[in-house]
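Student: If you want the building blocks of each chain, they are given just below.
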Amino acid sequence: MENKVGDEMYSMIRTLYPICRSITGDGVRTTLAEISHHIDINIVEVATGTQVFDWVVPKEWNIRDAYVISPQGEKIIDFKASNLHVLNYSVPINKTISLDELRKHIYTLPDQPEWIPYRTSYYNETWGFCMAHNDYLKLEEGSYEVVIDSDLSAGSLSYGEFFIQGESDDEVLISCHICHPSLCNDNLSGIALSTQLAQQLQGRKLKYSYRFLFIPGTIGSITWLSRNQEKISKIKHGLVVVCVGDEGQFHYKKSKSGDAYIDRAVENVLNHSGHDFGLIDFYPYGYDERQYCSPGINLDVGSLSRSSHGQYDEYHTSKDDLALVSEQALSESLTCYLDVVDVLENDQCYMNLSPMCEPQLGKRGLYRKLGASEGRAFGEMALLWVLNMSDGKTSLLDISNRSGLAFPEIKNAALALKQAELLQ
Amino acid sequence: MENKVGDEMYSMIRTLYPICRSITGDGVRTTLAEISHHIDINIVEVATGTQVFDWVVPKEWNIRDAYVISPQGEKIIDFKASNLHVLNYSVPINKTISLDELRKHIYTLPDQPEWIPYRTSYYNETWGFCMAHNDYLKLEEGSYEVVIDSDLSAGSLSYGEFFIQGESDDEVLISCHICHPSLCNDNLSGIALSTQLAQQLQGRKLKYSYRFLFIPGTIGSITWLSRNQEKISKIKHGLVVVCVGDEGQFHYKKSKSGDAYIDRAVENVLNHSGHDFGLIDFYPYGYDERQYCSPGINLDVGSLSRSSHGQYDEYHTSKDDLALVSEQALSESLTCYLDVVDVLENDQCYMNLSPMCEPQLGKRGLYRKLGASEGRAFGEMALLWVLNMSDGKTSLLDISNRSGLAFPEIKNAALALKQAELLQ
Amino acid sequence: MENKVGDEMYSMIRTLYPICRSITGDGVRTTLAEISHHIDINIVEVATGTQVFDWVVPKEWNIRDAYVISPQGEKIIDFKASNLHVLNYSVPINKTISLDELRKHIYTLPDQPEWIPYRTSYYNETWGFCMAHNDYLKLEEGSYEVVIDSDLSAGSLSYGEFFIQGESDDEVLISCHICHPSLCNDNLSGIALSTQLAQQLQGRKLKYSYRFLFIPGTIGSITWLSRNQEKISKIKHGLVVVCVGDEGQFHYKKSKSGDAYIDRAVENVLNHSGHDFGLIDFYPYGYDERQYCSPGINLDVGSLSRSSHGQYDEYHTSKDDLALVSEQALSESLTCYLDVVDVLENDQCYMNLSPMCEPQLGKRGLYRKLGASEGRAFGEMALLWVLNMSDGKTSLLDISNRSGLAFPEIKNAALALKQAELLQ
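Residue numbers (the working numbering), protein chains in the order written: chain A, 400 to 823; chain B, 400 to 823; chain C, 400 to 823.
Where hints are given, some of them may not hold.
What the hints assert, rightly or not - Keeping only pairs whose Cα atoms sit at most 25 Å apart, straight-line, the calculated DMTMM-like set for lysine to aspartate or glutamate is:
{"#": "1", "chain 1": "A", "residue 1": "Lys633", "chain 2": "C", "residue 2": "Asp790"}
{"#": "2", "chain 1": "A", "residue 1": "Lys762", "chain 2": "B", "residue 2": "Asp453"}
{"#": "3", "chain 1": "C", "residue 1": "Lys635", "chain 2": "B", "residue 2": "Asp699"}
{"#": "4", "chain 1": "C", "residue 1": "Lys817", "chain 2": "A", "residue 2": "Asp453"}
{"#": "5", "chain 1": "B", "residue 1": "Lys762", "chain 2": "C", "residue 2": "Glu713"}
{"#": "6", "chain 1": "A", "residue 1": "Lys792", "chain 2": "B", "residue 2": "Asp658"}
{"#": "7", "chain 1": "B", "residue 1": "Lys479", "chain 2": "B", "residue 2": "Glu524"}
{"#": "8", "chain 1": "A", "residue 1": "Lys792", "chain 2": "B", "residue 2": "Glu524"}
{"#": "9", "chain 1": "A", "residue 1": "Lys817", "chain 2": "B", "residue 2": "Asp453"}
{"#": "10", "chain 1": "C", "residue 1": "Lys403", "chain 2": "A", "residue 2": "Asp738"}
{"#": "11", "chain 1": "B", "residue 1": "Lys633", "chain 2": "A", "residue 2": "Asp790"}
{"#": "12", "chain 1": "C", "residue 1": "Lys762", "chain 2": "A", "residue 2": "Asp790"}
{"#": "13", "chain 1": "A", "residue 1": "Lys630", "chain 2": "C", "residue 2": "Asp790"}
{"#": "14", "chain 1": "B", "residue 1": "Lys630", "chain 2": "B", "residue 2": "Glu524"}
{"#": "15", "chain 1": "A", "residue 1": "Lys635", "chain 2": "C", "residue 2": "Asp790"}
{"#": "16", "chain 1": "C", "residue 1": "Lys762", "chain 2": "A", "residue 2": "Asp568"}
It is worth saying that the hints were derived from the structure and are not from the lab.
Please build the complete structure, drawing on both the sequences and the hints.
Tutor: Laid out in C-alpha cells, this is it:
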C-alpha cells in the first residue's frame, strides 16, 4: 500500500525476467502477452522480408536450448541457467570442436570476471557463447561438444501498440524496447513503467492522445515509422523509456533540437523533483531516439532515465538483474513521468484580465492579511508571478521556469486566479 | 565641504525621521512639505473612495497618541517613544483587556528580541502594537489599558510630483515611496537621494525630461498611473529609488525584460563604479517596480539600491535608524545615479567619417609620438574603439560595454574625435 | 627529415635576422628578395607622397651606420652590433653633445636592464638611440660624438604579394608584417610561416584563392587596401600571421564579429590541436587586423599566434632573438594553419540520401559486426553524426563542433558515406 505502483512494476519485471527475448521470436510474443494482462495492447506481426525504409525485417529467431560439454563431460555452459550465455541470434550448431576453435566463439568481460556479458549478432549470421571470465580461464585442452538448438528462419517481427485518444489528435509518444533478454534495468524497467503509465492515463480526461510502443530496438522503431508514416506528423512530443529502475541519478537526454517543448518540460520537472540529475545533449547513439530524431523523421523525442545508456557498470551484463532495480526507484521514475504528463496536459497561456498594475488580491481573499509580515507564503508569490507574466503569450511552464516555482504551484495559482475571474 | 551632498541628504533624513508616516494622512503631508523646502514639488490630493484601476483610495489615517498601561500602572508601550509601536493603520481603541486578549494584538521579533518590528494592516481594519520580544516576555497577568487615539475616515491620499522639462518629451521616471514611518534606509534615504538628484538636474540642459514621484507604496503608484495614463507611454526609462543609504553592497534589480536600455546603462555604471554589486532578476514583489512592470503598464523600470528589499537584518525594524545610514553611503549612491543620468544624457550613435582603415591620429595631435612605446594611455584605446565601432548604429554605451572602458572615457574620446571632424 | 618544414622556417629566420628593416627602405627590399627565393612574389613599389586613404606614403628611410663615441673615445653604442640601437626612422645627425643632451635621446628598459628596447618614430622626425639600461647607468659626464648616417627622403614603400588562384574567386587573405628589424618572433616567424604555407598550397587543387601579403605594418595594409579596393569584397576569410615561432601557448584573436566563419574554423582546429590555447576578443589594436576590421573595410580577419601581441617579456626587445623561436614551435604553428586550410577547403553541407531512420550500415560494410560490443570505434560515431546532421544546411564544421569529433574524422566519415551513396 505504501508503494503499490512500485510493487506492481517490480512484480511485472520479476515475471518477465526469465524469458529469453530477442528482436523477433516467441520471447517477444510471451512478453507482449504478459503486457496484455495489464493493458489492452494491439499486437502487430510484420513478416520476415518486409522492406522497412533502408532495412528488411530479419528472419525470426527462436531458441530451445544451448550448452557446452567439457572434455570431462561436464555441462560448463548452460542456456537454461542464464539465457545471456548464448550470443543472441546465434545460428544452430551441434558439433565437437577443439578448445582453440571454441575460444573464437566465446565472449567474456576480463574486467568483471564473474559476470556474463550480453552480446548479439543480429545482422551477421554466426554463433557464440558468453561466460564469466573466471570460468573461461578454467577451460582445459580437449574436445568440447557445443549445441545451440535454435531456428533462424522466415517468420515475423512482433510489437505491441497501445493508444489512448485524447481531446486532440496531437500525440505524445511513449516508446520502450522489449528485445533484451534477462536484463532488468535495460529494459524490463521501461516496459513496466510504460505499462503502469498507460494504466494510469487510461480513462483520464486528456488533452493529448498518447501512443505507447513496445518494440524491439532499432528494427522495431524503423518498422513502426516505416509502416505508419501518415501518423508521424501527429506526434508532437515523445519520450523513450529506458533504464528507469536502478537507483542511479536521473538523466535526461535531450531531443535533437535541445530546446524542444518536451526538453523544457522534463527539465522543469527534474528541477523540482528533489533528485539530482544530469542533462545529456543529444547524440546519435543510444536507443530508439536515434531513429525518431533521424533527419527525415525529426520528432521532438528525448529520453528520461536513471543511469543512462552504457553509463553503469552492470550495463549489458548478468548483473543487470532483479537486485539492480527497486520498487522505490521505479516509483520515483514513474512520478517524474506523471509530472511531465501534468505539464503537457495543463500548460497553457492565460491572459491577465486586470493587467493595469496588480489587482487587489485582498478583497478577493487571496492576500495575507498583514501587509508587512515577514513570512511570505509561496502561494502569494505564485499568484503575483502568474498575474505579472500572463500576457496571453507566456505559458505556465514559462512562468514556472522564470519564477523558479514548481509547475503544480503555478498551475494551482492560475486556477485560483481564474476562479477569481482575474485570468482567462 | 568634503561631502556636502552627503551631509545634505543625511540632514534631510534626520529631519524626516521622527514623523509618523503611512500611506495617507498628515505624516505624508508634513514629509511633502519638507521636500518642498528643497524642490518645488506639486502636491496632489486624491479623495478617499476614488477608483484607481482595480483599487479604491482608502480612508485617511491619522494618529495622535497610543500606549499600553500595565496592571502596575506603568506605560509599557508608548507611541511617543517610537511610532513603530503601533500597527500602522490601526483603528482607534480605548479599553481595558486581559493579557491573553492583548497578546493577540502584539507583534514581536523573537529572533531579534531587542528590536521593534514594523507592521501594517492597510486593507484589513484592525489594531495592534509592536514591541521588543524581551519586553513582551516580561508582561504579567492582569488588566491592561490599551489606547490608540487614531482616526480612519474619509480624506485623501497625498503625493508629490516634480517635473523637469528636457529637450525631448521622452521621460525618465524617478520614483520613491514615502509611506514608511521612522525607517531611515527604507525609505528616507530614497526620498533624500531623489530630492538631491532633482536639485542637481534642475537648471541643467537635459536631453530627457525627468519626472520625480514621491508616493505612498503600491497605492501611490497605482493612483498616479491610473490618473496619468496618457503620460505612461512617454516614460522610456525609470528607476525606483530605495534603500540607498546603508553601507551594504550595491544591488540592481532589473526591469522585467532584463535587457532594457536602463538595465544596460545601470550595469555599465556599476561595472565601473569601483563597488562590488549584485544583479537581481526581476521578480513581481518588492517596491513599486511591481506596478510599473505589470503587464498592462510594462515600463522599463528597474531599482538601484544598496542592500536590497528584505535582504538586511534591520529591514522593517526599529534598527533601520539614523545609525544605519551614512553620508558616505548616500553620497556614493547619488554618484551612481548621476552616472546613470550621464549615460542616458550623453549616449548616442556616431558615424566614423574616415572609416577606411584607421585615420592618422598623429597629424591631428591625437597620437602619442613614439609608435612603439610600452605605456599605452587608455585615451588612445578609447579613440581606437570609438573609431572602430562607430558605424552609425553602435552607441557609446555599446562601445563602453564591448571595450570594457568606462562610459565617461568613451564619451570624452568621442568628443575629441568629433572636434577633429573624424566623427559625426 | 624529422622536422623538415620546421628547419626550413628556422633557417629562413636566421637568414633574415641581421637585416635592418623598417616600414620603407632597402631592408624591406632585401627581405622581399629573400622571400622571392622561395615563392614567386610580386614586389610592388608605391612612391613617397602617394595618398592612401587618410594617410600619405612616407619618405623612404635608409641607414648605413650609427654610433656614439664616449668622452673616452670608446664606441659605446654601435648600430653594427645591433640595429635595435637606433631609434627606427631616425633622421641623420653628426655632432658632439653633452651627456644631458644625449640622455634626452636615449631609450632603455629599467625593468630589463640588460636588454635593448625596440623603438620607432615613423611620423615624427627625430633621432635617438636605444641601449641596455645597465650601460646607460655607466655613462659619464663629458662630450659625446653622435653619428647617425641615415637618409629620410623621397623614395617608395615596398611590399610583396603572392596569389594562388583556386577554383573560386573567393579569397583567403594571409597577411604578415615585414617591417620589424632584428626581432625573430615578431615577425620573422610570421614571414617564414606564410612563405612555407604558400609553398605548400601552391600547386594544390584548391577551392579558395589565397592571397599572401608581405607588408610593412599599418601603412602597408592601408596602402594595399587603398589601392586594391575592388578586390576587398572577394576576401571571405583572413588571418594575420604574427608571433608564431615562440613556445608560448597558442592564442587566437577573433575577428570583429567574433563568430565569423574563420573564427569558428580556427577554434575548431585549436580545440582538437592537443595544445592549450587562449581566445582573445577583438580589440582595435595589435597588428594589421586593426585595418582589415576597420568599419569601412570590415573583413572577417582574425589572428592566430603563439604568445600574443605585447604579452611576452621579450616583446619588442633584443631578446626576441634566434633563441626565442624554435623549429618545433614553428612547425606546430604551421600544422594549425594547414588544419585551418583543411577546414576551409573541405567543409561543405551534405544531404543524407537515406534520411528516414538510420540506413543499415552493416550491409554496406560500414558497421562493426557485433551489435552490442562495448568498444565503440569513433569511426562509427562519426558516421552516425554525419548521417544524423546532414540535412543540406548543416556543414561538416557544424557537425564537428556539435559532435566534439575532429574535423578530419568527420570529413573522412562523410567521404565514406558519399562513396556508399548515402550522402550527396
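Student: Compare the structure with each hint and give your call.
Tutor: Now the hints, each set against the structure:
1. The hinted pair formed by A/Lys633 and C/Asp790 meets the criterion: a straight-line CA distance of about 22 Å does not exceed 25 Å.
2. Among the hinted pairs, A/Lys762 with B/Asp453 is consistent with the structure: their alpha-carbon atoms are about 10 Å apart, no more than 25 Å.
3. For a cut-off of 25 Å, the pair hint linking C/Lys635 to B/Asp699 is broken: about 40 Å separates their Cα positions.
4. A C-alpha spacing of about 16 Å is found between C/Lys817 and A/Asp453, which places the hinted pair at or below 25 Å, so the restraint holds.
5. Between B/Lys762 and C/Glu713, the direct Cα distance comes to roughly 31 Å. Violation of the 25 Å bound is thereby established for this hinted pair.
6. Of the pairs offered as hints, the one joining A/Lys792 and B/Asp658 holds, with about 19 Å between alpha carbons and a cut-off of 25 Å not exceeded.
7. A distance of roughly 22 Å separates the Cα atoms of B/Lys479 and B/Glu524; the hinted pair therefore holds under the 25 Å criterion.
8. Using a Cα cut-off of 25 Å, the hinted pair A/Lys792 and B/Glu524 is violated, with the two alpha carbons roughly 38 Å apart.
9. Note on A/Lys817 and B/Asp453: the hinted pairing holds, with a Cα-Cα distance of about 16 Å set against a maximum of 25 Å.
10. For the suggested pair C/Lys403 and A/Asp738, the alpha carbons sit about 64 Å apart, so the restraint of at most 25 Å is broken.
11. Between B/Lys633 and A/Asp790 the CA atoms are separated by roughly 22 Å; this keeps the pair inside 25 Å, and the hint holds.
12. Under the criterion of a C-alpha separation no larger than 25 Å, the hint pairing C/Lys762 with A/Asp790 is inconsistent with the structure, at around 55 Å.
13. For the proposed pair A/Lys630 and C/Asp790, the alpha carbon gap of about 22 Å is at most 25 Å, so the pair holds.
14. Simply put, B/Lys630 and B/Glu524 have alpha-carbon atoms about 34 Å apart, too far for the 25 Å limit, and the pair is violated.
15. A threshold of 25 Å between alpha carbons decides the hint, and for A/Lys635 with C/Asp790 the separation of about 21 Å falls inside it, so the pair holds.
16. In summary, the hint linking C/Lys762 to A/Asp568 is not supported, as the alpha carbons are separated by about 38 Å, beyond the 25 Å threshold.
Hint violations for this structure: numbers 3, 5, 8, 10, 12, 14 and 16, all remaining hints satisfied.
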